[in-house]
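Build out the structure end to end from the sequences listed, making use of the hints.
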Amino acid sequence: MTAVSIERVLLLALATFLVAVPWLVPAMVNDFWVSVVAEILIWSLLAASVNLLFGYIGLLSFGQALYFGFGMYGVAIGVDAFHLSFWPAFALGVVAAMAMALVTGIFAVRLTWHYFAIITVVFSLIFYFLALSNKWLTGGDDGINFTLPPTFDTFGFHHSFTDPTFQYFFILAVAALCLLVMYRLVASPLGKAFLAIRDNDVRASLIGLNVYLLRLTAFVMAGFLAGVAGALFAFFGRYASATYMFYHVSGEAVVWAIVGGAGTLLGPLVGTALFIIVREVVSTHWEHHSLIVGVVAILVVIVAPRGVIGIWDDWMARLAAGGDDAPSGAIELRTEP
Amino acid sequence: MTEPVLRTENLTKRFGGLAAVNDLSFSLASARLHAIIGPNGAGKTTLFNLVSGLVTPDNGRVFFHGHEITGLKPHRISRLGVKRTLQIKSVFPRLSVAENLWITVRGGRGFLNPFRFAASDRATAEKVDRTLTQIGLAPLAHRQAGTLSYGDVALLEIGMAVISEPRLLLLDEPTCGMSPAETSRAVEKIRELARSIDIVIIEHDMEVVFEIAHDITVMAQGGILASGSPREIAADERVREAYLGREEDEDYVEEAAHASA
Numbered sequence: 001m002t003a004v005s006i007e008r009v010l011l012l013a014l015a016t017f018l019v020a021v022p023w024l025v026p027a028m029v030n031d032f033w034v035s036v037v038a039e040i041l042i043w044s045l046l047a048a049s050v051n052l053l054f055g056y057i058g059l060l061s062f063g064q065a066l067y068f069g070f071g072m073y074g075v076a077i078g079v080d081a082f083h084l085s086f087w088p089a090f091a092l093g094v095v096a097a098m099a100m101a102l103v104t105g106i107f108a109v110r111l112t113w114h115y116f117a118i119i120t121v122v123f124s125l126i127f128y129f130l131a132l133s134n135k136w137l138t139g140g141d142d143g144i145n146f147t148l149p150p151t152f153d154t155f156g157f158h159h160s161f162t163d164p165t166f167q168y169f170f171i172l173a174v175a176a177l178c179l180l181v182m183y184r185l186v187a188s189p190l191g192k193a194f195l196a197i198r199d200n201d202v203r204a205s206l207i208g209l210n211v212y213l214l215r216l217t218a219f220v221m222a223g224f225l226a227g228v229a230g231a232l233f234a235f236f237g238r239y240a241s242a243t244y245m246f247y248h249v250s251g252e253a254v255v256w257a258i259v260g261g262a263g264t265l266l267g268p269l270v271g272t273a274l275f276i277i278v279r280e281v282v283s284t285h286w287e288h289h290s291l292i293v294g295v296v297a298i299l300v301v302i303v304a305p306r307g308v309i310g311i312w313d314d315w316m317a318r319l320a321a322g323g324d325d326a327p328s329g330a331i332e333l334r335t336e337p
Numbered sequence: 001m002t003e004p005v006l007r008t009e010n011l012t013k014r015f016g017g018l019a020a021v022n023d024l025s026f027s028l029a030s031a032r033l034h035a036i037i038g039p040n041g042a043g044k045t046t047l048f049n050l051v052s053g054l055v056t057p058d059n060g061r062v063f064f065h066g067h068e069i070t071g072l073k074p075h076r077i078s079r080l081g082v083k084r085t086l087q088i089k090s091v092f093p094r095l096s097v098a099e100n101l102w103i104t105v106r107g108g109r110g111f112l113n114p115f116r117f118a119a120s121d122r123a124t125a126e127k128v129d130r131t132l133t134q135i136g137l138a139p140l141a142h143r144q145a146g147t148l149s150y151g152d153v154a155l156l157e158i159g160m161a162v163i164s165e166p167r168l169l170l171l172d173e174p175t176c177g178m179s180p181a182e183t184s185r186a187v188e189k190i191r192e193l194a195r196s197i198d199i200v201i202i203e204h205d206m207e208v209v210f211e212i213a214h215d216i217t218v219m220a221q222g223g224i225l226a227s228g229s230p231r232e233i234a235a236d237e238r239v240r241e242a243y244l245g246r247e248e249d250e251d252y253v254e255e256a257a258h259a260s261a
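Residue numbers (the working numbering), protein chains in the order written: chain X, 1 to 337; chain Z, 1 to 261.
Worth double-checking, as some hints may not be accurate.
[As the list claims (entries may be wrong)] A short, non-exhaustive set of chain Z residues, derived as facing chain X with CB atoms under 10 Å:
| hint | residue |
| --- | --- |
| 1 | SER52 |
| 2 | LYS73 |
| 3 | TRP102 |
| 4 | GLY108 |
| 5 | GLY110 |
| 6 | ARG116 |
Source of the hints: derived by calculation from the structure; they are not laboratory data. Fair warning: this is a prediction, and the values are worked out from it, not measured in the lab. For every residue, glycine included, the Cβ atom is placed at its ideal position computed from N, Cα and C.
Below, the structure written as structure tokens:
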């Protein structure tokens with residue numbers, strides 16, 4: 001089999017598996033693992049948000065949990081305080097996250113590399129402590145619990161997240177849609193401009209790209225992905241809490257994205273799946289499961305800086321090179337500025 | 001006489017106490033291939049940075065075809081038609097050769113539509129194909145630019161300069177680090193470009209400079225030391241001093257290396 005057909009078969013297998021999860025997984029393990037897969041899909045969107053910035057435009061953010069938190073609180077406050085139904089609350093969460101990304105991005109994307117990383121952490125810490133202290137609005141540590149509104153309640157459709165199968169498919173559909181949008185974006189003229197800025201921002205400005213505006217655009221798009229993840233997670237857990245805005249959450253998303261493979265479409269999903277599965281399996285037996293996270297993260301960064309997907313691409317390239325001796329571009333490149 | 005392509009008025013840029021470019025006023029006539037030479041630290045690259053907007057001047061003004069461009073952002077100056085290359089070869093290493101050219105075309109104009117496929121832009125794709133053939137990189141179109149040999153990167157740089165349709169092209173040491181064969185290929189290309197584009201070139205290789213330049217400006221310590229035709233510059237006593245007076249000067253060593261090559 002050629003490299004391309006192996007990848008096609010695997011992608012098809014992955015898609016089939018994801019669609020079959022509500023029946024396959026309870027039969028293989030138990031019902032609990034269906035919600036683990038749903039959770040992986042949600043968190044993979046936060047990792048995708050990190051990936052859009054780091055992998056596609058070259059900005060390493062350690063503050064994406066802030067926009068995840070705004071997505072969560074948008075939904076929770078929307079439902080709990082404003083009595084919004086499902087879709088308006090969903091929209092409120094996503095718009096709140098994007099608006100926050102716009103406001104903070106105006107300052108943050110003036111900076112790059114460690115300065116950018118630091119300012120994103122600072123922004124997320126500021127709002128984390130604000131959320132903790134403004135209990136009247138956010139519920140602080142306890143968070144906000146809310147009653148789940150139905151997702152569809154028109155034309156005779158009655159569906160809500162109380163039905164685990166519907167909940168799973170809704171999350172799968174949203175995650176798949178986001179992945180499709182990412183795929184289209186990367187292949188679009190705008191995506192090419194992002195990649196050019198990632199590779200060489202000075203050169204990008206000299207060919208006429210407005211680097212600041214494009215970085216801000218990417219930052220708001222990343223805010224969108226994090227916001228969608230946060231909004232989904234709020235509906236999934238029926239609550240919102242300031243703890244999800246802590247930079248520990250941002251840091252985990254960075255690890256997931258980098259271990260999975262930054263700058264690849266499926267990298268964030270692979271990385272997120274790997275770590276959440278390890279956590280779920282190990283945490284029941286051993287409380288120090290985060291040690292594994294640390295060791296794996298360090299190993300991957302040293303041994304395979306392009307992550308799991310990078311290792312895979314190298315294998316496929318070697319396989320393809322077996323047929324003809326053309327170099328396949330699988331050569332490691334510096335990504336420093 | 002028509003408006004000069006490029007004109008500076010009392011241009012000054014200081015880094016700390018050092019005036020990298022010091023009260024520089026000059027103007028470049030159209031349709032001439034202009035070379036700027038000078039010892040290291042003379043302020044040549046800083047001058048390019050000032051013109052292309054990468055640094056803003058402390059004092060003075062820059063005019064392009066009579067329009068003031070002082071203090072504009074690099075992408076705005078680029079969109080007016082002032083394109084440049086960087087001293088250290090500088091492409092987009094993880095993009096393919098074709099993508100490098102593609103984004104160079106689209107970077108300067110039009111809406112970067114996120115809802116269309118880049119591949120559906122036929123006009124740009126055809127332009128990229130033509131340029132690939134023109135610079136002889138068509139067989140390497142899908143190679144990552146970061147995996148190219150030094151000479152091929154230099155060709156790609158020239159391709160990017162051509163495809164961006166500049167009105168003024170600033171080349172910063174385009175033949176630096178090239179083999180003699182690569183140099184002569186690049187020189188040929190630059191000469192061909194100069195027929196339709198105004199070019200300013202910074203170059204350390206005196207053979208190249210005296211071979212292709214119509215006018216030469218010699219810079220030293222942030223100012224202009226001399227300016228004139230290659231013949232006049234070659235005969236200028238001050239220029240000889242600036243170049244040959246200091247025996248440890250890197251340029252001198254480099255020149256000697258070229259002479260013996």
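Checked hints:
Of the supplied interface hints, the one on SER52(Z) holds, with its beta-carbon coming within about 6 Å of a beta-carbon of chain X, less than 10 Å. Annotation: interface hint on LYS73(Z) holds; nearest CB of chain X at approximately 7 Å, less than 10 Å. Given hint, TRP102(Z) at the interface with chain X, holds; its Cβ is 7 Å from that chain's nearest Cβ, closer than 10 Å. Among the interface hints, the one on GLY108(Z) holds; its C-beta lies about 3 Å from the nearest C-beta in chain X, closer than the 10 Å criterion.
With its C-beta approaching chain X no nearer than about 8 Å, GLY110(Z) sits inside the 10 Å limit, and its interface hint holds. Checking ARG116(Z) against chain X: minimum C-beta separation of about 6 Å stays under 10 Å; hint holds.
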